[in-house]
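Chemist: With the hints as your guide, set chains S, V and D onto chain A.
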Amino acid sequence: MDGLTLLGTWIAALLTLCILSFLYKDNPFYKFAEYLFVGVSAGFWIAYNYHNLLLPNLIDPLKGAFVVLLLEGRLDFRWLTIIAGLLGVTMLFRFFPKAAWVSRYGIAFSVGLGAGLMFIVYLQANCIYQIWGTVKLSPVVITEGPGGQHFDWPTSVSNTLLIVGVVSALVYFYFSKEHKGVLGSTARLGIWFLMVSFGAAFGYTVMARISLLIGRMEFLIDGWLRPAVIAPIQGALASLGLL
Amino acid sequence: MKFVRWLADIDRRIIFLVIAVAVVIPLLLPLGMRVKVTPQTESIYEEVENLPPGSNVLVAFDYDPAAAPEVHPMALAFLRHCFTKKHKVIIMALWPQGAQMAVSALAEVGKEYDLEYGRDYVNLGYKPGGDIVIKSLGASLGEVFPKDMAGEPTAGLAILAKVRNLKDIDLVMDLSAGDPGIPAWVRVANALYQRKVAGGCTAVSAPQFFPYLQTGQLVGLLGGLKGAAEYESVLAYAGKASRRMDAQSIAHLVIIVFIIFANISYFILRRQREEKREGPRTGPAASP
Amino acid sequence: MRREIPMIVAFVAGVTIILEFFVPALRDVASQIQKWYLVVIAFAILVGAFNLLRINYMKIRYRRADWPYSFALIAGLFAMAIIGIGWGIKEGTVFDWLFNYLIFPMSSTVFALLAFFVASAAYRAFRARTVDATLLLVAAVVVMLGQVPIGSAWVPAWWPDSLVFLTPDWLKDRIMNIFNTAGQRAILIGASLGVVSTSLRILLGIERSYLGEE
Amino acid sequence: MKSVPLGVFIIMALAAPAFGQMLQAAEGVTARDTPLDAGSSITLTWQPSPDEAGRKVQVLAYEVWRATRAAGEYERLGEVESGKENYEFTDEEAENGVEYFYKVRARGERMSTDAAPAGPVKATAEWFHPDRLNMLVASVVLAAFVLYFISQARAGKELFIRRIAGLEAVQEAVGRATEMGKPVLYVPGIADIDDIQTIAAVTILGRVATMIAEYDAALLVPCSRSLVMSTAQEVVKEAYLEAGRPDAYRRENVRYLTDDQFGYVAGVDGIMLREKPAANFYLGTFYAESLILAETGHSVGAIQIAGTAMPSQLPFFIAACDYTLIGEELFAASAYLSREPRLLGSLVGQDLGKVIILISIIVGVVTAFLAQFGFELFGRSIALEQLFVVK
Chain A
1 MDGLTLLGTW
11 IAALLTLCIL
21 SFLYKDNPFY
31 KFAEYLFVGV
41 SAGFWIAYNY
51 HNLLLPNLID
61 PLKGAFVVLL
71 LEGRLDFRWL
81 TIIAGLLGVT
91 MLFRFFPKAA
101 WVSRYGIAFS
111 VGLGAGLMFI
121 VYLQANCIYQ
131 IWGTVKLSPV
141 VITEGPGGQH
151 FDWPTSVSNT
161 LLIVGVVSAL
171 VYFYFSKEHK
181 GVLGSTARLG
191 IWFLMVSFGA
201 AFGYTVMARI
211 SLLIGRMEFL
221 IDGWLRPAVI
231 APIQGALASL
241 GLL
Chain S
1 MKFVRWLADI
11 DRRIIFLVIA
21 VAVVIPLLLP
31 LGMRVKVTPQ
41 TESIYEEVEN
51 LPPGSNVLVA
61 FDYDPAAAPE
71 VHPMALAFLR
81 HCFTKKHKVI
91 IMALWPQGAQ
101 MAVSALAEVG
111 KEYDLEYGRD
121 YVNLGYKPGG
131 DIVIKSLGAS
141 LGEVFPKDMA
151 GEPTAGLAIL
161 AKVRNLKDID
171 LVMDLSAGDP
181 GIPAWVRVAN
191 ALYQRKVAGG
201 CTAVSAPQFF
211 PYLQTGQLVG
221 LLGGLKGAAE
231 YESVLAYAGK
241 ASRRMDAQSI
251 AHLVIIVFII
261 FANISYFILR
271 RQREEKREGP
281 RTGPAASP
Chain V
1 MRREIPMIVA
11 FVAGVTIILE
21 FFVPALRDVA
31 SQIQKWYLVV
41 IAFAILVGAF
51 NLLRINYMKI
61 RYRRADWPYS
71 FALIAGLFAM
81 AIIGIGWGIK
91 EGTVFDWLFN
101 YLIFPMSSTV
111 FALLAFFVAS
121 AAYRAFRART
131 VDATLLLVAA
141 VVVMLGQVPI
151 GSAWVPAWWP
161 DSLVFLTPDW
171 LKDRIMNIFN
181 TAGQRAILIG
191 ASLGVVSTSL
201 RILLGIERSY
211 LGEE
Chain D
1 MKSVPLGVFI
11 IMALAAPAFG
21 QMLQAAEGVT
31 ARDTPLDAGS
41 SITLTWQPSP
51 DEAGRKVQVL
61 AYEVWRATRA
71 AGEYERLGEV
81 ESGKENYEFT
91 DEEAENGVEY
101 FYKVRARGER
111 MSTDAAPAGP
121 VKATAEWFHP
131 DRLNMLVASV
141 VLAAFVLYFI
151 SQARAGKELF
161 IRRIAGLEAV
171 QEAVGRATEM
181 GKPVLYVPGI
191 ADIDDIQTIA
201 AVTILGRVAT
211 MIAEYDAALL
221 VPCSRSLVMS
231 TAQEVVKEAY
241 LEAGRPDAYR
251 RENVRYLTDD
261 QFGYVAGVDG
271 IMLREKPAAN
281 FYLGTFYAES
291 LILAETGHSV
301 GAIQIAGTAM
311 PSQLPFFIAA
321 CDYTLIGEEL
331 FAASAYLSRE
341 PRLLGSLVGQ
351 DLGKVIILIS
361 IIVGVVTAFL
371 AQFGFELFGR
381 SIALEQLFVV
391 K
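Protein chains in written order, with this note's numbering: chain A, 1 to 243; chain S, 1 to 288; chain V, 1 to 214; chain D, 1 to 391.
I should point out that these hints are in silico values taken from the structure, not numbers from a laboratory.
Don't take every hint at face value.
DMTMM-like cross-link-like pairs, simulated, lysine to aspartate or glutamate; straight-line CA separation at most 25 Å [claimed, not checked]:
hint : chain 1 : residue 1 : chain 2 : residue 2
1    : S       : Lys111    : A       : Asp2
2    : A       : Lys25     : S       : Asp11
3    : S       : Lys162    : S       : Asp120
4    : S       : Lys86     : S       : Glu42
5    : S       : Lys86     : S       : Asp170
6    : V       : Lys35     : D       : Asp91
7    : A       : Lys177    : D       : Glu340
8    : S       : Lys196    : S       : Asp120
9    : A       : Lys98     : D       : Glu340
10   : D       : Lys157    : D       : Asp351
11   : A       : Lys136    : D       : Asp131
12   : V       : Lys35     : A       : Asp76
13   : D       : Lys122    : D       : Glu158
14   : V       : Lys35     : D       : Asp195
15   : S       : Lys127    : S       : Asp64
16   : S       : Lys86     : S       : Glu116
17   : D       : Lys237    : D       : Asp247
18   : A       : Lys63     : D       : Glu93
19   : S       : Lys127    : S       : Glu112
20   : D       : Lys276    : V       : Asp66
21   : A       : Lys98     : V       : Glu4
22   : D       : Lys276    : D       : Glu214
23   : A       : Lys136    : V       : Asp173
24   : D       : Lys237    : D       : Glu168
25   : A       : Lys177    : D       : Glu73
26   : S       : Lys162    : S       : Asp64
27   : V       : Lys59     : A       : Asp26
28   : D       : Lys276    : A       : Asp26
29   : D       : Lys122    : D       : Glu27
Derived coverage of chain S by chain A (criterion: at least 3 residues anywhere in the stretch with Cβ under 8 Å from a Cβ of chain A; other residues may be distant) [as the list claims (entries may be wrong)]:
hint : region
30   : 18 to 30
31   : 238 to 252
Sample of chain A residues facing chain S (criterion: CB under 8 Å; computed from the structure) [stated by the list, open to error]:
hint : residue
32   : Tyr24
33   : Val206
34   : Met207
35   : Ile210
36   : Leu212
37   : Leu213
38   : Ile214
39   : Met217
40   : Glu218
All of these numbers come straight from a predicted model, not from anything done at the bench.
Glycine is no exception: its CB is placed at the ideal position from the N, C-alpha and C atoms.
Chain A extracted, bound-state conformation (with noise of 0.2 Å):
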């Protein structure tokens, strides 16, 4: 290990028992973790928003077009990219409470792209796509096999609780009608779906957080006691005896 990894593991190995000490309660070596993780991300995000969005999205194209400009005198369409970088000046005028207000264009411009984009993204992949997956479904499915037709139960039966389940579900998030008789027994159905479903979803998810933590704990070990503090420490001793 050299000197350069040898800090680093050791900084990393503070910084991961400082966050972990907060299990615990808080206490200081979590507040100053806390606070320096804030400030270097801000500022890591800062230079990473300068490189992969501020360089290649305008400063870039404007360069472009200015050789452009000089070299053959004629304007082409990146010349439009100065509209972005007057969106992007607006949102400066925050800086000053009398002007906040002229930030609205970056703003509502934002808005009114997400607005547009989520539009045809949910409805596409969510909504049509997933009705699409449930049309298909046939209650009652029989299969061609060996000796004529016969009643596949399994996928049917699946197949049934799938349409049941998204159906019943559905109607749990109808709105404008009170939730009783039949509609009410529905979506108290739907509910049981939903739950059974989030239940499920915390059971599958709880050996990813537990390989999460694994990870950590391995570097603790393997990454950092064992190479950077047992294995110094018995290196120091070594050559101690020797002397």
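Modeler: For chains S, V and D alone, kept in the frame of chain A given last:
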């Protein structure tokens, strides 16, 4: 009763402590819990076991660090098995970072055996092209890999004098995290050259390869961390995968035991309340 | 006017994106507009960073609770931003080193806290108080057992195939494939209707609280 | 007489290696306007030269050349490596409306052979994507439902909306915070403002903030995106103004932490531990942080109301929070809390959409069922596929 009350509203830090212990103990002291070995793991083991010593095994490292937590333990276990059986191991990669993963696997396993590079094993490195690379291996290994991972010419290596092309390989093991991977090896090495192909992959992608097992195009399949733990289990040693799987099992059990305790204490307290004719419990419910 | 023109901007941006899905000819226009958004974000982060710095500066200046920690925050922010912008963010840079040994360990440790919280949340929530809570509890326990080898370890080798549905392994797959799919599907379909109506309200200016005062 | 050509043939065959063999051209070269695009693009397709299969002569690559006249000057655009069964090349730099001719040149080691030029062909932009007609119909129908009920509501028609428990609890939570003299914490998710869930969260924040201003409780809004912070500041300011308490608005209480997912979580957890809010709201887009926030919030004794349309995170909110708005309920919240008829109207419109969806599911399932017994309703599989699959 006091205990039941304490249990019903236990300090969550006790739960945290128990979880931490449940995860750390298996990592420090492998419990070697028996993992139920599935037939598809067993059959890979049998295949390696029944090859005469000195057979040629090709191991393809088609994964990257992202999939390493699941797939790397398989590589370690499989290499150990091959070296124990004195098979010759030829390593290559269809994934750019695969060759590096092989280097680290060999560094870890290699020191446990008396091995000579070029005679007992070789790391041929990475070659882009997927299917086409495998197809060319059918003609000549040396032509596809004129140089090995370290950039040394492969011409003089003893192992390649014996193994000229894919037809001299007795078993192919593909450790794969996606494409190119198991389907490519099945399509070309198995279908075209009738080689035996085994695979190891992440848990998420395992189900899609079950059809290959049924048709016999794959002799066996290691699926995810569990598959790796199974292989370690048949080899009777507790490696990384077993340790991780032990930790998972214990942690899951601990959580379930906690849930059972919570319910027992809840029911005892409820009965008591009913006896005292208290009103129903109000407060946070788990419903929406 | 301070609200009307921004509302028109929102309308034009949103409708262009929607139309682009149906009108291939608008593709370039739409992709241009989406790039503009990235520029807006890049500028906006300065506003956020300024806000963060100002609050922490005030904390230090007026010696509010925990003020000494604010030095760590301010120093960390400037260090990362200046090193990243000045010397690049590629592999092997100082920025990369700071990411690997500061941000990555803290990030993955915060993430790993979840291992503890799934346990404490399960302990509290999974009590058979109501039918709903019981369903939640049973499904979670069965799936958790089905996930790990130990869950099915009690199943002996002679277990008859006809009783396979009593093993956690088998049940887990069915619950995930049927109940989980059904529940998620209904949520997604319902949510998409909510999204459609929300975005219409936004684009048509019926919902305009996001624009602030008149 | 017959022997002459045969003799020539034999001589040619014998001589061929000496002269180098003829390389055969690529086959079936077609050039057409790239379909369903914004124009300025032409797609070429061709099949390999017969020599690729025969392997007598090696084809190294196929070059693509373009000209504005069939016999005119061709310029080289690029090349495609050999070894495929079908070839495609897209010329992305065609000018709309200009006629072009394309030549594909098979290049061997020592010689090259041109295929006959393909063309003329013009690049055009398309104005409608016919495969997406179903999406268009769905969008228009849903929009019409929503707008119709909004106009009905405007006209003064009474609209009934069922109780949503999580939203009934909002007032209770704010009241509790006021009584205890502790702040309300509002977390608008970790996505940026272009995510519709964030937009919904920010509009709900407006309603909640009005309530908080009226009760005179404190409100903390930590944001993980600058744009969300800016929007939230505008919304909260407006809410305080509406409640007649503009003086109580504190800009620094709507603050930015960091864009980083877990950095943000660490910061919000810190705020919870030190400010000890009496009520926590988590509304918007959440990922893994959902449970970290909700468990920390629970440990400080806050009443917690969550809402998201992320199916993967709902289980954790359900388990750890007191009330959870599930999916569509999140989008209904702002209308529900405002009680503004126009907004409520849009909920009724959504419901009509749901009825249509339920009917189409039932019709689809019935046809699928009948198809199992050999009854084919309107050529089932084809017709349905066209209805639901969006390309």
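Chemist: Which of the listed hints are broken here?
Modeler: Hints 9, 13, 19, 25, 26 and 36 are the ones this structure does not satisfy, whereas the remaining hints hold.
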